[in-house]
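Colleague: Fit chain to chain and form the complex, with the hints in mind.
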Amino acid sequence: MPKKDFLLTLGDRLAEGGETPDVALKDRIAQKKKAEIDRQDELEKAEHEAKMAELEKKKKEAAANASKAEERTENPFQVKGQINVGNIDLQAEREETRRQAVEAQQAMANEMEKQRQEAQLLREQLAQEKMEGLKNTLLTQLNQQNQQLSNLINSQASKGSIVDQIKAMKATAAELGLVDGNAGSSASLQVELKRLEFELEDRRHAHEMEILRLTDEREYNRKKLDLEDKRLEAELEEKRKSREQLAQAPLMIGQAIGQAMKGGGEPAAPTNIINAPAPSGHIDAPPGEAGELECPGCQTTMSFGPTQKLAVCPGCDARFTVNRAAPQGPPAAEEEE
Amino acid sequence: MSFDVDKYTGPLMRGVASVFAPGILKGVMLEHLRGVSVKELSKWIMEGRGLLDQVGQTEREKLRKLAGKIGGLEWLTADWAINAVRKEYPALASLFLGWPEARAWLESQALAIKKELS
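Chains as they are written, first to last, in our numbering: chain Z, 1 to 337; chain U, 338 to 455.
Chain U on its own, in the form it takes in the complex (with noise of 0.2 Å):
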């Protein structure tokens, strides 16, 4: 399964992406982490696996494409991806509170996003 980032991304729809843009976001990466458990989530953080390792390389350019149409990504935060997922998923969330080395994974995850997305 594959996305095309233009069918959501057309030339009508780039101006509501980018005010969706943490929207958007939200919705990749909680589908990301659906069906993650907190002992598969710890192993990530333990062996320093990073997010943008489990997608492919066609799927990563595809992902720069949409960074560009939506704009800048300085709301990408360790505390913005907590409270994203804060509802849907609780013990991961609570993972990245009480936790600090996957608090601290979590932070660079965000940079390395925002470094590749820029």
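Next up, chain Z with everything else stripped away, as it sits in the complex (with noise of 0.2 Å):
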């Protein structure tokens, strides 16, 4: 197939099954390759059954011409007329005969020999061939890989590691044999890796900066938001004094008007207090006596009347009983429910 044939088949291979170049191409020339070999193996097929062909004739030939030559001796001749055949030699007309049979093996022979001969470089051109074609389909595919491998360097190149990247590489190549394996040894690869050390330097000082810069950005939002919140809470908090003041207006109103109504008034009569109830949960007061006391619970002021005999305090709820008895009398009530 043309070149031109070859690119535009290529082509359209390409544009239909959306095949990689190389994965084409490599199909391309084992194709190739085998097409070759089936022609080759026609052709020599053609070849060797035409020149079997001409050997079976010959020997035909051979073999007709033996027969006539035995049949010339087997049946004497019949000649009428007069003829004049000369000096008929049969003796050596068979030698010849025998000679050209034993030529023709010979020949066949020779082209055998020859057709092998062809067949056997045809296989190795052919060994050749392939090997060229895996040959070149391998330095394809380490072309990409190369290209890769420097792709994954340029990506790696700031996440810190490619330092160590680069020693690794270096010592599988050593160990391939591609390289000498002292590393340090070459002055461009050492020019190399301080070129790239101070490339990662100047990465790892920028993502610093980065982080400097997106810490104070933080920092400043962050102080931003507390300033927000802190002036939200103290609206709120207007709000609310608002709010109580605007509830608390009825009672002032009301207050304003008890005021009015109570005008003066004499002081009152201050309360007898007591002493805490007794762990026990009475109380022990004179006889008629009204009190005030703390709640031991809640410690809020709670009182009893002259005649009550149980006392409950507002803030908690707990009940007390009233001891009525004189401090030197009998023991206090049991209390009440």
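A few of these clues could be false.
The following residues of chain Z were derived to be distant from chain U, with all beta-carbon distances above 12 Å [claimed, not checked]: (1) R204; (2) R222; (3) D226; (4) E292.
Quick list of the computed label-pair ranges, beta carbon to beta carbon [unchecked claim]: (5) Z:I211 / U:V356: 25 to 31 Å; (6) Z:K239 / U:E384: 35 to 41 Å; (7) U:G409 / Z:Q245: 57 to 63 Å; (8) U:A441 / Z:L232: 48 to 54 Å; (9) U:E411 / Z:L236: 23 to 29 Å.
According to the in silico footprint, chain U covers these stretches of chain Z (three or more CB under 8 Å from chain U) [claimed, not checked]: (10) 230–239; (11) 296–303.
Simulated from the structure, these hints should not be mistaken for lab results.
Each residue gets a CB set at the ideal place from its N, CA and C atoms; glycine is no exception.
Modeller: Structure, rendered in structure tokens:
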């Protein structure tokens, strides 16, 4: 197939199948080689058959000549009339025929040897071409891998492990025998390594600067949010105070009315302050006396009247029996329910 | 010292006064009980002395006028009165909570006030 047609076919295949160029090229080379081998085999077979037919023909001619000679030997001529056959040497003719047959066999053997040698040559050529194709494929793959490796190095450069990766690559190359295993022996490699280190340091510095910038920005935003929170809290507090003042308005009105209604007034008589109730839950008080005391549970001021038998705390609803017996009298009464 | 009902319940304040009536009455009651000791309140209870008896006729007339502007007094009960003074005067509230005679006196006062202001 001409190179132009091959390229057009390859382009069509790539456009239709979405194959990668390397795979398509590899397939195309293999198909081309296979077609070449098939064509060579067909040609070889056709030539072989033609030569075999020619040899068969010669063999038949030789056999026919030999049979004619024998017939001539076994069946004496019946000559009618007069004929001058000259000197006929049947022995010589037989020898000649045998010689020709031997020559034909020799030629056939030579031709077969020649065919064998040609086939061998073609096989060698085919093997060589296969090796060439394989070499090209491997070179293509190697170039692709080199490109991928370069991309990987570029992409990994900012992660801080490029030096380690280069060292690992160098060690691998040394194991493969591609370079000298002594690290640092190549000046250019050292320069490249230094360049990458500088680049890495530069990127690390830029990264740190970016982190600092983001930290500052975050701190600024946090302080801004704090200030905003404080401002909102102050606003809420202001509103709450306003609401409380508004809620207190009726109370204040009522107190103003109460003050007007009450006028002056005599100071209230003080109330007896009684000690806290005993742990048993009762209060000792003189008979007919009112009193105030502090709840032992919630420290709310509570009271009892002159005839009250049960005191109730308004804060925690605790209940205490009021013992009206004299201090020197009998024990306190039982707690009421 | 006297109070002018119209000062607090003018035409624009009538609706507000009806809503804030419990608060207003609570203020009146707190101010009336300011400085009253347990012993004095016990004396009032034992003697059956009414709260309205301590208000002059002129002031009672003004209170009636005020009540006419703030609407119904269904919420005025002994429990409401106890809760109204529970925080400011816990000793007095304790008296109403644990002394049956005091609670009965408070209920009678609530009824009397409602009757007076209705």
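Colleague: Please test the hint of 57 to 63 Å on the beta carbon pair from G409 of chain U and Q245 of chain Z.
Modeller: Taking Cβ atoms as reference, G409 of chain U and Q245 of chain Z lie about 27 Å apart, which means the hint is violated.
Colleague: Quick check: the segment 230–239 of chain Z, covered by chain U? Criterion 3+ residues, Cβ under 8 Å.
Modeller: violated (count 0)
Colleague: Could you check that no beta carbon of chain U comes within 12 Å of the beta carbon of E292 of chain Z?
Modeller: violated, 5 Å
Colleague: Would you say the C-beta atoms of K239 of chain Z and E384 of chain U sit inside 35 to 41 Å of each other?
Modeller: violated, 48 Å
Colleague: Just checking, D226 of chain Z versus chain U, shortest CB gap more than 12 Å?
Modeller: holds, 36 Å
Colleague: Range hint 23 to 29 Å: satisfied by the CB atoms of E411 of chain U and L236 of chain Z?
Modeller: violated, 35 Å
Colleague: At 12 Å, judged by beta carbons, does R204 of chain Z keep clear of chain U as stated?
Modeller: holds, 66 Å
Colleague: Hey, is R222 of chain Z genuinely clear of chain U, shortest beta carbon separation above 12 Å?
Modeller: Non-interface label stands for R222 of chain Z: nearest chain U Cβ at 41 Å, farther than 12 Å.
Colleague: Between A441 of chain U and L232 of chain Z, is the Cβ distance one that fits in 48 to 54 Å?
Modeller: Taking Cβ atoms as reference, A441 of chain U and L232 of chain Z lie about 52 Å apart, which means the hint holds.
Colleague: Can the suggested window of 25 to 31 Å be confirmed for the beta-carbon pair I211 of chain Z and V356 of chain U?
Modeller: violated, 60 Å
Colleague: Against chain U, does the segment 296–303 of chain Z show at least 3 residues with beta-carbon separation below 8 Å?
Modeller: holds (count 4)
This entry does not satisfy hints 4, 5, 6, 7, 9 and 10, going by the numbered hints stated previously.
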